[in-house]
Amino acid sequence: MTAAQNAGHSLPSPFGKANSAAGSVVRPGVLNLPGQSSADSQQLSAPARTQLQQTWDSFRAHRAAFIGLCILLTMIVVCTVGPFVLQDPDAIDMQVLGYQAPSASHPLGTDAIGRDVLSRLVNAGRTSLAIGFSVAIGAAVIGSMVGVSAGYFGGRVDSGLMWFANVMMSIPSMPLLLTVAVIVANEDSKVGPIIQKIPEWARIALVLIILGWMGVSRVVRSQVVSLRNQEFVEAALALGGTHKRVMTVHILPNCVSVLAVFTTLAVSGAIIAESALSFLGFGVQPPTATWGNMLAEGKGLITILQYWWAVWFPALAIFVTVLSVNFVGDGIRDALDPKTQKK
Amino acid sequence: MGPGRMSISRRLAAYALALIAAAIMVSGCGGSADTAAADPDAPKQHGGLVTIGMDQEPACLNEKIQCGSMAATTMIAASLWDGLLDIDAEGNYAPKIATDVPTKENGSVKDTPDGGMTVTMHLKPEARWSDGRPITCDDVAFRWSTTMDERWQVVSRKGWELIKDVECPDAQTVVFVWAERYAPYLGIVSAAPLPKHVLDGKDFNKYFNEAIPISSGPFMLKKWNRAVDVQLKRNPEYWDAGKDERPWLDTIRYVFVADTNTLKIQLRTGEVDIISPPPDSTLKEELEGFPRGGYQIEPGIYWEQIAFNNAKAPTNDINVRKAIAYSIDRDQITDVVLKGQVERLDSTLLPAKKEYYIPAWKDVKYDTKKAAGYLEKSGYKRNGQYFEKGGKPLTVQFKSTAGNDLRLKVAQLLQQRLKANGIKMDIALEPPNVFFGQSTPNGAFGMALWAWSSGIDPSQETMFPCDQIPSEANDFSGQNNYRYCNEKVSELIKQANVTTDQAERIRMTHEIQTLMAADMPMLPLFQRPETLAYTERTLGMDSNPLGGLVWNAADWAVMK
Amino acid sequence: MVRRLLEAIPALIVVSVIMFGLLALGPNPLDTLKQNPNITSEDVARLTKMNGWDKPVTQQYTHWATHFVKGDLGTSTVDYRPAWDKIKERLPLTLMITGMSMVLSLAIALPIGAYVAVRKYSKADYAATLTTFAMMASPSFFVGLLLQLFALKLQDALGGTLLVYTAGAPQCVASSSGFFGTVFGCMGTPVEVFQRLALPVFALSILQIAGWSRYMRSELLGVLGQEYVRSAMAKGLPARLVFMRHAMRNALLPIVTIVALDVAGLFGGAVITERVFGLPGMGNLLLDSLGQKDIPVVLAIVMIGAGLVLFMNMVADVLYGVLDPRVRVG
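Chains as they are written, first to last, in my numbering: chain P, 22 to 364; chain G, 64 to 623; chain F, 11 to 340.
Derived by calculation from the structure, the hints in this document are not laboratory data.
Take the hints with a grain of salt, since some may be wrong.
One-sided excerpt, in silico: chain F residues whose CB lies under 8 Å from chain P [as the list claims (entries may be wrong)]:
1) I19
2) V24
3) V25
4) S26
5) G31
6) A147
7) S150
8) L155
9) A244
10) G246
11) G278
12) L297
13) I311
Cβ coordinates follow ideal geometry from the N, Cα and C atoms, glycine included.
Work the whole structure out from these sequences, hints included.
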């Protein structure tokens with residue numbers, strides 16, 4: 022293994038460019054933390070609630086993260102409930118039939134053919150957030166499975182799996198993403214008949230999961246390696262625990278903090294990646310709205326300057342959501358890391 | 064309104080705009096060096112360079128073989144090769160290398176007793192290749208023999224295969240001998256000659272693909288920098304230079320920038336001089352907002368239409384087709400998706416075809432009562448939102464190509480209007496290769512939206528006759544995806560294609576349009592507008608959809 | 011070094027197997043070709059034979075791999091040109107913008123990261139944090155559009171003088187053949203290179219600037235908290251010397267690795283940047299080829315991209331050894 026790959030554990034980079042930067046908040050120091058702070062076997066019996074309480078308190082102290090969380094939750098609620106309350110996002114206002122500035126009947130204006138921007142924005146939010154969260158969860162599940170197996174069993178399993186993850190990461194993500202997107206988008210693909218049964222947003226999510234698990238697997242692995250030789254694991258094994266049980270009961274819960282940070286950041290990565298795919302024409306196809314394709318539809322000069330509501334609202338939605346998610350991730354990290362807490 | 068008239072008014076508007084823009088510039092920023100632009104009537108000067116921004120790069124430079132079938136190649140080739148005939152600003156054939164346009168009236172076209180015909184043309188004696196050799200009948204005959212040579216991957220041999228021989232009584236006289244009478248003969252005899260002295264014995268599949276050492280037009284190829292640009296230089300030996308010593312320009316550069324939005328920005332800043340952006344509802348408004356430059360918008364040669372599947376329920380019922388047609392507000396569609404840049408189209412021919420064209424569909428207008436009447440005639444009853452028959456709501460499957468913003472907008476408008484009139488329309492958008500490769504030839508649609516492109520000839524022989532329905536029998540080569548079959552129409556189309564009598568052909572073409580409008584196998588929507596936008600330093604721009612963007616490149620010039 | 015080169019080979023094989031497998035699941039190039047009315051059945055037969063499409067996938071792979079090893083990257087199904095010919099026209103430009111972006115990002119990110127690390131929790135630190143988070147939250151294509159808009163408004167403000175170009179489209183006036191033709195034959199004088207590439211390179215750098223400055227900050231914070239730095243200070247060594255000799259040096263070590271690992275992402279970002287700014291690089295070729303389902307070219311581009319990323323990792327290893335005497339490269 023090369024030095025680069027050894028050091029690579031510090032870089033969860035699920036979507037290459039889109040998230041590598043965001044990944045920077047996961048530091049090696051953080052990863053080793055639970056190992057340092059809970060090295061004693063008290064970890065086994067410590068009431069989980071107190072720790073959670075502590076974490077929550079310190080998270081709340083991170084003002085930006087707390088505000089971010091509030092915004093994010095509002096966003097989720099609005100985008101979940103909104104579609105049931107608001108009008109059909111595809112409905113065209115026959116009185117308008119074109120761009121119209123925000124007004125009482127269309128609070129965020131209408132788009133090029135007279136559809137309500139607010140309604141589309143909220144529906145798009147549902148799709149975009151669904152993509153974001155399912156990618157984050159999917160990548161976390163696959164990544165932690167690979168990471169736990171690698172870290173726990175060590176040896177050849179470890180080097181094999183991690184080598185594979187490294188190889189996957191060496192493929193420039195965007196070309197791979199586009200290639201897979203073309204395959205799943207084409208009905209004349211050989212896998213077309215199966216793919217067609219999956220809703221379009223889920224196809225995009227699937228693509229992002231396939232390419233997004235490597236980062237988390239490395240993070241989880243290094244976490245597991247540090248836990249593997251802890252006394253409490255050995256104790257559990259000595260007491261007759263099976264590998265499966267030890268992994269799920271003792272090791273995995275200790276990775277939760279790392280996973281929490283990663284998962285939040287993966288949400289923002291997926292939302293940004295979706296918008297990039299939409300811009301290049303490989304994302305969710307209209308009329309189904311996503312923030313990405315709404316933004317891509319209005320990329321013209323005249324829309325940016327004159328019919329600003331059709332572009333800037335989706336842009337703002339992406340910006341605010343991703344910013345909030347990143348701050349939440351930052352907050353979780355800080356909350357779990359006593360070193361960075363302010364006194 | 065014909066494109067000629069329209070273009071004049073639009074040209075005037077653009078003109079006025081350029082003047083106003085120039086005036087603003089002068090008053091706004093007096094110190095700028097660009098203020099010389101104030102006078103568009105400034106005498107043209109020789110020299111200079113214009114940059115044309117294109118969103119695709121040719122795969123090869125020979126537009127006559129398959130790798131050159133892209134629009135980009137056609138455009139670049141247009142200023143390299145002069146044809147025997149040209150298409151003028153009004154969209155008519157005009158003499159170029161030939162002295163006259165051959166017609167029956169002027170005696171150049173003669174029917175022969177064996178059922179064929181001859182077309183005789185005379186070449187201008189001054190016509191020269193760029194190497195100084197005269198363009199002769201041998202070169203014209205060479206074009207025909209090259210096209211018919213099985214070794215070469217020629218784009219199309221349609222029409223050419225009906226020619227028996229090309230005779231050369233003398234160097235300046237060409238006689239095309241046709242085995243059959245062929246009404247669209249002008250499309251064939253107008254073609255550009257090929258330089259026999261250069262090409263003879265060469266591999267036509269390869270020889271002109273990367274570099275072209277000769278030309279008969281105002282420009283010649285200078286260099287093709289792959290992935291970057293194609294540069295053309297002035298042909299100093301241009302035979303049609305005239306007293307102005309055309310062409311004015313030294314260089315034309317075609318640059319390749321894939322994103323059309325970026326091209327618009329580049330035009331705005333003057334990094335490119337000429338673009339032809341795809342239609343868009345805000346395009347006109349956007350170009351009007353550009354402070355330095357002008358634009359012309361004209362109805363183009365691509366026309367969008369709603370196809371009905373005439374062989375599949377429910378659209379095999381003429382009443383259903385008519386009900387749908389009267390539920391579509393075509394004026395509203397052009398208004399919304401193109402902001403009135405073009406008007407609705409009322410025929411399968413373009414108004415530019417003048418004497419051939421009649422607005423056969425002009426009475427098909429949005430009419431809820433009429434639509435309901437047709438449906439009731441066929442036994443449909445309105446039950447709540449939708450009309451029903453046998454307990455099932457009337458549902459039509461609509462297909463079109465994915466990724467086309469214009470069509471998506473049309474589809475959504477249609478859906479809303481049909482819904483209001485009690486017809487349910489399901490939208491399915493497919494990748495173009497699936498849509499054109501499978502769905503339309505196999506008739507897997509109820510309604511479909513696509514565009515045809517019209518050449519200068521009014522022939523429609525592959526689109527509507529019964530025997531052109533794609534099938535095993537014609538190797539799926541027919542284009543009658545409508546599965547429309549009216550024996551009388553089929554016969555008329557066939558007749559109109561083989562008569563050399565123009566008056567007769569006009570009469571038959573009128574009848575075809577009237578009969579088809581009554582059958583309603585399809586509904587014409589609009590011609591896609593063609594936009595020519597340019598910076599103020601470029602002079603001599605004149606939009607001509609039929610002739611192509613660079614048809615008058617010899618007259619272009621730039622202000623110094 | 012040789013050993014590391016050899017280690018990259020199995021990785022490349024895996025990449026090729028994955029890509030080949032994926033593309034085999036995709037649209038059949040034969041069907042795509044047959045739908046093209048401009049391609050004759052002879053062409054189809056010829057291309058089928060050339061690419062071995064009539065054989066099972068495993069044989070297709072060995073066919074492709076043996077040619078690849080011999081330096082034949084396949085033939086385009088669109089214009090029948092060798093894939094390498096198409097790539098080599100565009101590779102230099104992509105290398106140029108990614109390289110320039112890397113330098114620019116480091117030049118901006120490292121000082122900022124170091125500055126805010128030393129002034130932890132100062133106003134500057136908060137401002138930098140907020141800015142970097144905002145940079146990460148902006149879709150890069152939209153930022154590109156806004157940059158173009160900026161260039162345009164700047165032109166208007168300057169009364170028509172175009173300071174930076176809105177698109178990087180080169181202009182070949184001189185003869186521009188050869189591998190570096192596009193870069194050196196078409197980009198012009200250094201001033202013109204700046205005018206053409208300023209916006210694209212900046213757009214491409216935004217995420218790196220944000221990410222790397224965050225890295226630099228936390229790396230340096232980690233190092234500054236270490237025992238040996240504190241003891242060095244305690245010994246009375248000048249703070250500046252301690253900072254430069256110990257802290258910076260140790261903080262830079264992991265940066266080398268991270269920069270190398272971000273190269274994959276940088277190539278990905280270049281796809282978007284090249285599209286927005288009309289640059290004739292590999293990214294635009296990839297998009298065109300994907301649109302036309304030109305499978306051999308797509309495969310070749312991905313292989314070259316992966317090879318470059320692996321190579322950059324190796325370079326990082328070597329650099330790591332130079333910077334850190336404890337690590338010796340074998």
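Hints and how they fare:
Interface restraint check: I19(F) against chain P, minimum CB-CB distance 11 Å, threshold 8 Å, status violated. A cut of 8 Å between beta carbons decides the hint on V24(F): the least distance to chain P is about 5 Å, and the hint holds. The beta carbon of V25(F) comes within 5 Å of a beta carbon in chain P, closer than 8 Å, and the hint placing it at the interface holds. Among the interface hints, the one on S26(F) is violated; its C-beta lies about 10 Å from the nearest C-beta in chain P, farther than the 8 Å criterion.
Restraint check, G31(F) versus chain P: the minimum CB separation of about 11 Å is more than 8 Å; hint violated. Hint status for A147(F): holds, given a least beta-carbon distance of 4 Å to chain P, under 8 Å. With a least beta-carbon distance of about 7 Å to chain P, the hint placing S150(F) at the interface is held under the 8 Å criterion. Residue-level restraint check for L155(F) holds (minimum Cβ-Cβ distance to chain P is 6 Å; threshold 8 Å).
A hinted interface residue such as A244(F) counts as satisfied when its beta carbon comes closer than 8 Å to some beta carbon of chain P; here the least separation is about 21 Å, so the hint is violated. A hinted interface residue such as G246(F) counts as satisfied when its beta carbon comes closer than 8 Å to some beta carbon of chain P; here the least separation is about 27 Å, so the hint is violated. Interface restraint check: G278(F) against chain P, minimum CB-CB distance 3 Å, threshold 8 Å, status holds. Annotation: L297(F) was flagged as interfacial toward chain P, and the flag holds, the nearest CB pair being 6 Å apart, inside 8 Å.
A cut of 8 Å between beta carbons decides the hint on I311(F): the least distance to chain P is about 6 Å, and the hint holds.
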